[in-house]
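Between the sequences and the hints, there should be enough to build the whole structure, so can you do that?
Number of protein chains: 2
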Amino acid sequence: MPEPDQPKFGAALNTDFYELTMAAGYFEAGKAQDRATFELFVRRLPWNRNFVLAAGLTQAVDYLLNLKFTGAEIAYLKTLPQFEHTRPEFFDMLAGLRFTGDLFAVREGTPLFAGEPFLTVRAPLIEAQLIETYLLATIGFQSTIATKAARVVRAALGHAVVEFGTRRAHSPEAGVLAARAAYIGGCAGTSNAETGFRYGIPVFGTAAHSWVMSFPSELAAFERLQQLLGESTIYLIDTYDTLEGARRAASLGRPLWGVRLDSGNLGELASAVRRILNEAGLEDSKIMATGDLNEYKIQELMAARAPIDVFGVGTELATSADAPSLGVVYKLVELEEAGGRRYPVKLSHDKQTLPGAKQIFRYADHDVLARSSECYSCGEGGAVCEALQRPVMIGGGLAESLPTVVEARRFASESLGRLPATCLSLFTGEPAWRVDISPELTTLYETVSKGAAV
Amino acid sequence: MPEPDQPKFGAALNTDFYELTMAAGYFEAGKAQDRATFELFVRRLPWNRNFVLAAGLTQAVDYLLNLKFTGAEIAYLKTLPQFEHTRPEFFDMLAGLRFTGDLFAVREGTPLFAGEPFLTVRAPLIEAQLIETYLLATIGFQSTIATKAARVVRAALGHAVVEFGTRRAHSPEAGVLAARAAYIGGCAGTSNAETGFRYGIPVFGTAAHSWVMSFPSELAAFERLQQLLGESTIYLIDTYDTLEGARRAASLGRPLWGVRLDSGNLGELASAVRRILNEAGLEDSKIMATGDLNEYKIQELMAARAPIDVFGVGTELATSADAPSLGVVYKLVELEEAGGRRYPVKLSHDKQTLPGAKQIFRYADHDVLARSSECYSCGEGGAVCEALQRPVMIGGGLAESLPTVVEARRFASESLGRLPATCLSLFTGEPAWRVDISPELTTLYETVSKGAAV
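Protein sequence lines, in the order shown, are assigned to chains R and F.
All the letters of the first sequence, read from the start, carry residue numbers 8 to 461 under my numbering.
All the letters of the second sequence, read from the start, carry residue numbers 8 to 461 under my numbering.
Since no wrong hints were added, every one of them can be taken at face value.
No copy labels: a pair is met if it fits in one copy or bridges any two.
Heads up, simulated DSSO-like pairs for lysine-lysine below, C-alpha to C-alpha not over 30 Å straight-line:
1) K38 with K75
2) K457 with K38
3) K358 with K304
4) K304 with K293
5) K75 with K85
6) K358 with K293
7) K85 with K293
Honestly, the hints are just simulated from the structure, not real lab data.
Here it is in structure tokens:
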């Protein structure tokens, strides 16, 4: 199934207003044709994360390919006091603005570490600046959720995890995108039907407590469900009494997929329910557990050998509750202007940036962050390495078609599988992965810092 | 400016898949015409919240008014294994499905407490069930952010707070809605231009670090900004050295609005910068502070008498970082079927619900949660009270036009102003507001619980 288009409503105007005032300023200052390079990265990982799993590139590219202001949007901007003195030529420029730049990025599903760029934009200054907010929100959010999903999936030790969080996501649209990102992070599917439709991701779900309550008895509700869904039937057994519910489900025999626990002590209940099902000869029926789960609780249930086959994880996954945002930033690292090329640096307290466009070279046990112009002989003679940033858009057009979510999910799984156990642990300690700065990049930083007095 | 339409893409299918399997089940079971009443509420407030500020009703109503499955969406559903045995008549029904029910709700900007319904839906069972996920995500998210905003605004003690969080929001669309909700919660405006366009909310912002860095010197960047923005100019002064930046800004004199600090010890820097500005005769220029702020840090800065005039709050506000979700639920409380009216109850461990449609009566110092059929003589003779739930949609149509965001913001401010200081404190302790259960509602619960054995 092809991926239907994303909504285009308000994409160009969905940006921080200062991107637009700066655009006017660059236009007036004659800097519109300066060519800027920006990088998107996190300065530090959240304190409870050992890596971040990159996701959201597909939506970022879709945005760039379709960037365009409507007449109504430009008419709105003209009404704002900040644009009172702005010349009409600026708005004419804005009406014709498209993204004409180059985009380099790591693949969706790539684990990254502090300071490593998710993507690099090289474009006329106005274009490169204007897209900052949307790119940060798109990449930052999906990477947050993909990372959380990877942790939850790892805790489940091979048992399937299904994303159930749309109802608690930060808006319905965030729910769709969270489900997409969770799939890339390793979930088996989602409860969100829209995500299934847009991206071809498997959807799951059978019935809620209200289903059970809408019938005169639990047994009547179960019978009706089985007639409807046959082998897909999952009985939600905790509406009244979980063990009674399990006995009623077992009394109906096959066909069924299994039962779902949604409250109480999941570990103890799972054991008791397993016995009830087995005594009824339903050894092959499954137990799904849901209810405010996260990677820590799942790890505890697995450690206690709870006989749970599938986990449904909602709120904590779709909001990444223990790390609900990533400190993604988008920083100017190079500027080609009439007078030549410059490497701007920011020296703010605790917010220094490394100048210059970069490439990430990944070795078996560490990364090297280097200047993009440096040539590391990946695989030739010495240690094998891989250059993680790849060309995605050239001159505003797609360089090659992007991987599907299925491919991104597989790539994430393979990439995570090559990380050491310290990286994949749910808990953080010493930095779990080494990122070296190349000598050339170090030299550039030192040179530029000394000359940066203004 | 009229509010442009919301995006309609994928709204009907943006739901948990089990809503659709249940719809098929209700259809097959001949329950499509049963009339159900569902309520949306939180069982418990987050541990660090004393109230929740209701928001998102406008988007919920927009969704209900436009609910409709497209042909492509129905074709997708037919491909799913769970619908393998479903009769075509179900999909024909789905193609014609619209929301035809009634909606009662509290106004946007109403402070609520545990157990009090944000909204009540009364509709044919299939319709009422299908909309669960979207309503939860819409009301839950915007109420989360409006609540956070109310806390941040209160901490600022009358100084303006501007929402700056789109870049860290859970997707660009969540950023737009977060800014809307933050405005209802009391923010003065937002940096999100799209939110300004859609809802007529004031937008703010001037220039970023990349603006400063794109010029050969900080002074050149400041001069250019002043030429562009005149009295709207805010100099971001921490790119290189904050106090040097303040002196450069001061050297340019008027016109200017003020300066912005974005890093370092904001309290100490604000005092030093204030002195620099005052010595230059710029007593009326303002200081804005930004940089990972939240209500706790702002309260501390205010307590220390930091001379900060305006706060910009981003990540922590747009994600409600210390309480990133609300435990909103949507529960079946009444069912009118061929055999009469029933009051379903759920007895799951720790997840009991009160049966029956409800009304909230608000008195000066407490609420009464009553059956919707009860008549409290608000204002007649005894203590004055207000019924918070009002009819919003009748038979699928709008009962009356909804308040604007400006009206919702004013209503929130007035409503919060009537709460006691214990409710408005940033810190939680004893329950800060009493919610009594009416005798009739108590009787119904007791009656139904006894008879609920199945």
